[in-house]
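> Quick note, the sequence shown lines up with residues 1 to 128 if you use full-length UniProt numbering.
Everything labelled a hint here was simulated from the structure, so no lab data went into it.
Any given hint could turn out to be false.
Listed below are the simulated DSS-like cross-link pairs for lysine-lysine, each with C-alpha atoms no more than 30 Å apart in a straight line [what the hints assert, rightly or not]:
| id | residue 1 | residue 2 |
| --- | --- | --- |
| 1 | Lys-24 | Lys-77 |
| 2 | Lys-24 | Lys-49 |
| 3 | Lys-49 | Lys-77 |
| 4 | Lys-77 | Lys-43 |
All values derive from a computational prediction rather than experimental measurement.
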Amino acid sequence: PDMYAEDFSAAVDYLGSNEHVDAKRIGVLGICGSGGFAISAAKIDPRMKAIATVSMYNMGAFTRNLYNQSQTLAQRKQVIAQAAAQRDVEFAGGETQYTGGTPHEINDDSHPIAKEFYDFYRTSRGQY
Numbered sequence: 001p002d003m004y005a006e007d008f009s010a011a012v013d014y015l016g017s018n019e020h021v022d023a024k025r026i027g028v029l030g031i032c033g034s035g036g037f038a039i040s041a042a043k044i045d046p047r048m049k050a051i052a053t054v055s056m057y058n059m060g061a062f063t064r065n066l067y068n069q070s071q072t073l074a075q076r077k078q079v080i081a082q083a084a085a086q087r088d089v090e091f092a093g094g095e096t097q098y099t100g101g102t103p104h105e106i107n108d109d110s111h112p113i114a115k116e117f118y119d120f121y122r123t124s125r126g127q128y
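Turn these sequences into a full structure, and let the hints steer you where they fit.
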């Protein structure tokens, strides 16, 4: 999420350098997961003077809790421990592991939110 929040600040960098933009009146719009990213960026970048979200989805809460808060605290702690261990592996020159915010495959039994995310983020219209 930090990478996505940084994109909002990078956009402000660019817009603020444009002679046709009043750098003191820049606002941002975040849609879906980007709504949360826009708010995260605005918390640390005072150059953003207005923030709006549409259909905001709290990706942080989703990542911590999964669908309908189906992940327990113990499971969450295990994921955090695995991520910390992976950092050690990568720092030592080991293979980088990438994670995705959306499933790579779906089927008829997939959760409706997973299907919706897949339909956007795993297709050409929403890929980062």
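> All the hints need checking, so say for each whether the structure fits it.
Verification of the supplied hints:
no.	hint	in the structure
1	Lys-24 / Lys-77	42 Å, violated
2	Lys-24 / Lys-49	7 Å, holds
3	Lys-49 / Lys-77	36 Å, violated
4	Lys-77 / Lys-43	26 Å, holds
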